[in-house]
Amino acid sequence: MTTLSENGKIDIAFTLNGQPVSRATTTSRTLSDLLRDDMDLKGTRVACGRTVCGACSVLVDGFPRAACSTFAFEVEGRSVTTIEGLEAEDGTLDPVQAAFAKKSAFQCGYCTSGMILLARALLAEHQRPDRETIREWISSNICRCTGYQLIIEAVEEAAETMAGKEAAE
Amino acid sequence: MNDQAPLRVIGAEIERSDAHVKVTGRARYSYDAARPGMLHAKVLRSTRAHAKVLRVDASAARAMPGVHAVLTGVDLADVPMPVYGYFIKDQPILATDRVRYEGDMVAAVAAETEGQANAALARIVVEYEDLPALPDMEAALAEDAPELFEEAPIGIVPPYGAGSSGALRPRRNVCYSYAYETGDPSVFDECDHVFEDEFRFSRMHHLHLEPFVCLAHWKEGDEIELTTSCQNPFPLRKEIARIFRVPESRIAVHVPFVGGGFGSKNNCKTEPIALMLSRRTGRPVRFCLTMEEGFLTNTQHAAILRLKTGVMADGTLVARQSHVLLDSGAYSDASPLVAEKAGYRVAGPYRYKHISSVCDCVMTNQPPAGPFRGFGGTQATWASDSQIDMIARRLGIDPMEMRMKNLVDLHEPWVPGESGVDSDMREGLDLVAREVGYDRPREANRGVGLSIGFKDGGGVNKPAQARVKVSTNGDVHLMCGTVEIGQGARTALSQVVAEVMDCPLARVEYLPLDTRYTPFDQGTNASSGISVMGQAVERAARSVRQQVLQMAAEELGTEPDKLRLDNWTVIHGNESHALAPMIMGRYGGTGFEFTGDGFHKQPNDHHAPLETKSVFWEIGWAGVDLSVDPETGQVFIHKLVVSGDAGRAIHKLVCRGQDEGAALMGLGQALYERMIHDGTRLVNGEALMYRVPLAEDLPEVFEAITQEQGHGPGPFGAKGMGEGAMLPVASAVANAIEEAVGVRLTELPLTPERVLSALVEAGKA
Chain A
24 MTTLSENGKI DIAFTLNGQP VSRATTTSRT LSDLLRDDMD LKGTRVACGR
74 TVCGACSVLV DGFPRAACST FAFEVEGRSV TTIEGLEAED GTLDPVQAAF
124 AKKSAFQCGY CTSGMILLAR ALLAEHQRPD RETIREWISS NICRCTGYQL
174 IIEAVEEAAE TMAGKEAAE
Chain B
14 MNDQAPLRVI GAEIERSDAH VKVTGRARYS YDAARPGMLH AKVLRSTRAH
64 AKVLRVDASA ARAMPGVHAV LTGVDLADVP MPVYGYFIKD QPILATDRVR
114 YEGDMVAAVA AETEGQANAA LARIVVEYED LPALPDMEAA LAEDAPELFE
164 EAPIGIVPPY GAGSSGALRP RRNVCYSYAY ETGDPSVFDE CDHVFEDEFR
214 FSRMHHLHLE PFVCLAHWKE GDEIELTTSC QNPFPLRKEI ARIFRVPESR
264 IAVHVPFVGG GFGSKNNCKT EPIALMLSRR TGRPVRFCLT MEEGFLTNTQ
314 HAAILRLKTG VMADGTLVAR QSHVLLDSGA YSDASPLVAE KAGYRVAGPY
364 RYKHISSVCD CVMTNQPPAG PFRGFGGTQA TWASDSQIDM IARRLGIDPM
414 EMRMKNLVDL HEPWVPGESG VDSDMREGLD LVAREVGYDR PREANRGVGL
464 SIGFKDGGGV NKPAQARVKV STNGDVHLMC GTVEIGQGAR TALSQVVAEV
514 MDCPLARVEY LPLDTRYTPF DQGTNASSGI SVMGQAVERA ARSVRQQVLQ
564 MAAEELGTEP DKLRLDNWTV IHGNESHALA PMIMGRYGGT GFEFTGDGFH
614 KQPNDHHAPL ETKSVFWEIG WAGVDLSVDP ETGQVFIHKL VVSGDAGRAI
664 HKLVCRGQDE GAALMGLGQA LYERMIHDGT RLVNGEALMY RVPLAEDLPE
714 VFEAITQEQG HGPGPFGAKG MGEGAMLPVA SAVANAIEEA VGVRLTELPL
764 TPERVLSALV EAGKA
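Same order as they appear, the protein sequences are chains A and B. Just so we're aligned, residue 24 is where the first sequence starts under my numbering, counting upward by one. Just so we're aligned, residue 14 is where the second sequence starts under my numbering, counting upward by one.
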């Protein structure tokens with residue numbers, strides 16, 4: 024339950040990378056500042072600061088959101104996944120992370136957290152997306168380095184890995 | 014390794030050494046740097062394009078909550094030399110008496126938060142007296158134009174070799190001019206045809222995702238600690254030392270991962286203001302620009318290029334005279350260096366009897382232009398290789414055939430005194446033409462265009478030093494000043510060391526860059542990571558290897574050449590000896606460290622036009638298959654094939670990624686990406702309005718082919734990568750448009766409006 028006190032102070036509670044958390048913050052605090060500065064989760068990158076480039080994408084209830092332009096209080100009661108939440112406890116990489124590593128689907132790495140989370144959301148929606156669907160989805164984020172091809176191939180590779188795992192289970 | 018053994022690490026399918034930290038979010042950038050007690054800086058920017066600054070009243074700002082310091086132009090009186098720039102020191106840390114573009118920095122605040130700093134800036138009152146503004150090069154070169162710098166700033170002309178020259182302020186509003194000439198101009202008289210054409214090149218912003226950002230701490234006792242998103246930390250250190258008159262030995266510049274630069278993150282950007290504020294407050298100061306401010310900080314050069322080319326009726330090129338104008342904006346930044354390269358490269362990769370080029374840096378009231386991937390080569394190729402195609406069509410010769418006829422041969426010096434071209438350019442052209450379907454019959458309104466981009470690579474007069482250390486247990490430390498900016502330098506240079514030391518890549522640690530301990534390097538630029546630093550790194554590793562084998566040979570009573578290394582054991586015939594016990598036996602139980610230093614620099618050579626022969630030649634080939642809709646002017650790219658010659662691909666996916674990224678940047682430049690100005694005001698200087706290529710803009714088919722022709726000067730035959738594939742894309746697209754619909758566009762970008770009006774003009778729409 025959100026409680027708003029005077030001076031724009033606000034207490035929020037949400038699920039972060041699978042764990043319940045609560046924080047005292049302010050009504051003007053952005054989700055990216057909350058994550059990066061107050062919780063030291065610096066894997067969420069900030070670039071344009073206005074919802075355009077997608078570098079700061081995190082998942083809110085499974086859907087990509089620009090953390091730079093989301094107020095912290097907006098995630099009250101919701102589930103937030105950041106890049107830090109993708110690895111298994113034993114350090115095993117998520118299939119999307121593993122595919123990005125294997126395909127060198129990054130260069131400077133500044134868009135990578137957002138791209139990987141975006142791809143997670145895509146693969147939750149479409150188990151075996153075709154190339155057109157992948158292009159369309161990742162067109163919401165800017166990568167200035169790679170030319171996108173290797174990112175698309177990494178997403179295809181991750182889809183294959185995940186489908187293979189599912190078939191084995 | 015011995016020279017006959019197959020390579021184990023070079024070219025292997027292995028993950029980049031920064032893969033894990035980058036896919037898990039653990040990689041740290043200057044943007045992430047923080048320190049207890051840190052303040053935040055923000056600057057007030059000029060709203061006028063050209064004006065006298067009559068008064069700056071910051072008193073109200075000083076009283077605002079959270080504010081610790083406010084700087085205005087008058088505070089520069091405390092700074093020994095408060096201006097910067099490469100050849101010409103013309104950019105003040107803050108404007109003093111004049112502002113020269115909308116966005117020029119006028120005042121700075123350090124406060125507890127960025128919000129407080131911005132609130133304080135809003136309280137600063139600046140009184141201006143407008144002066145006539147010069148929005149573009151035509152205005153700046155007009156006879157009645159005001160001189161933007163009334164007095165000559167301090168500047169230098171570097172030493173040049175045969176045929177090259179430079180001049181400071183040769184005429185009104187030109188801060189620098191470079192000229193190159195070879196051969197006798199009278200050969201124009203022998204030509205069957207002489208063609209003159211003019212080309213225009215629009216300006217892009219780098220749009221690196223990590224902003225310009227630094228964390229500066231001016232500590233007690235004048236010790237400076239600087240973490241910054243910078244491509245050239247050692248030249249930056251030198252500039253900071255000069256500005257503030259501080260010994261370089263008291264300046265530590267740290268550069269963690271850099272989130273993209275594409276040339277922009279060079280020389281002083283945020284650093285001097287952050288340092289001044291830190292000195293004033295005694296606190297660490299973080300100064301981070303927004304992406305919007307990035308547009309106002311550094312850009313590519315817009316250009317006008319006039320080419321006059323003499324040719325025989327059979328298509329043999331004879332002579333080319335070029336005049337290039339670069340819009341340098343309000344301050345010179347790296348413009349003289351870019352002029353050198355645009356002027357030098359504009360003749361293209363062809364054989365001429367006479368070349369004469371002049372490139373002028375024109376000062377305007379626009380944001381300062383500086384280095385941008387391709388470094389003048391992009392502008393040069395756009396004009397050069399468009400005109401070659403135009404000439405071929407005018408003469409009724411197949412454009413590919415015309416190129417084949419005139420390309421400089423493998424190993425042939427491009428111009429007198431230069432190094433031999435180290436790629437077979439015909440082989441590459443053939444490959445790309447085949448791949449794009451150059452000879453296939455085509456439907457109406459569909460065309461295929463080819464182009465070759467070409468630049469001297471590896472930088473001019475560029476020294477690089479590296480150090481490799483191996484400790485008792487075989488842990489390898491690589492220390493060198495190449496910044497990991499995304500290009501894969503950490504991986505590739507570590508691979509070179511691992512190959513030489515016969516150890517797995519994971520054994521090599523690329524140590525953090527700190528200018529106090531890292532060996533000197535001139536900078537991460539000019540595709541020099543493998544071609545120049547790679548040679549220094551390889552030498553350092555070979556030195557260590559030799560020392561280890563020498564030691565082992567003495568211990569085993571044999572000769573070093575009877576031994577080889579294998580993952581920190583030494584192999585002697587059928588015997589294998591662990592090195593750690595051997596080292597401790599010799600040097601004591603605490604062990605030892607073998608250290609090797611490597612150095613590389615092209616020798617100075619007055620016969621070479623740029624004082625040193627080009628380290629290598631970076632060639633980019635492109636083939637484009639496209640359709641034009643004659644009703645809308647829309648261009649649809651069916652297939653884009655680009656190729657670079659890596660010499661030897663140290664890491665294949667990294668090479669491919671470099672070429673694909675460069676080519677897509679080139680395609681954006683060809684079709685739509687540009688900074689748009691209304692007079693002196695930038696109208697699309699933010700992420701939403703400034704269109705960069707997205708995944709949806711990818712061509713239907715997009716291929717990057719890495720050639721490994723094997724002639725490079727770098728380790729194992731490698732050459733530099735990363736810029737070449739950007740160079741030929743725009744000209745290939747324009748060439749394909751002419752093939753498709755018979756109209757020639759000479760101004761970038763090739764927007765539907767421009768294509769359509771060309772069609773209308775030609776009566777084809």
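Be a bit skeptical, because a hint or two may be false.
Chain B regions said to be covered by chain A (calculated; three or more residues, Cβ under 8 Å) [to be verified]: (1) 131–143; (2) 151–160; (3) 220–229; (4) 376–386; (5) 439–451; (6) 690–702.
These are computed hints drawn from the structure, not numbers from a lab. Glycine included, C-beta positions come from ideal geometry on N, C-alpha and C.
Quick rundown of the hints versus the structure:
1. Counting residues of the stretch 131–143 of chain B whose CB lies closer than 8 Å to any CB of chain A gives 0, so the stated coverage by that chain is violated, three being the minimum.
2. Given as covered by chain A, the stretch 151–160 of chain B fails the check, having 0 residues with a CB less than 8 Å from a CB of that chain where 3 are the minimum.
3. Figure legend: the stretch 220–229 of chain B, annotated as covered by chain A; annotation consistent (5 residues with Cβ-Cβ distances under 8 Å, at least 3 required).
4. Residues of the stretch 376–386 of chain B lying with their CB closer than 8 Å to a CB of chain A number 0, which falls below the three-residue condition for coverage.
5. As drawn, the stretch 439–451 of chain B meets chain A at 0 residues by the rule of a beta-carbon pair under 8 Å; below three, the given contact is violated.
6. With a threshold of 8 Å between beta carbons, the proposed coverage of the stretch 690–702 of chain B by chain A holds, since 3 of its residues qualify and at least three are required.
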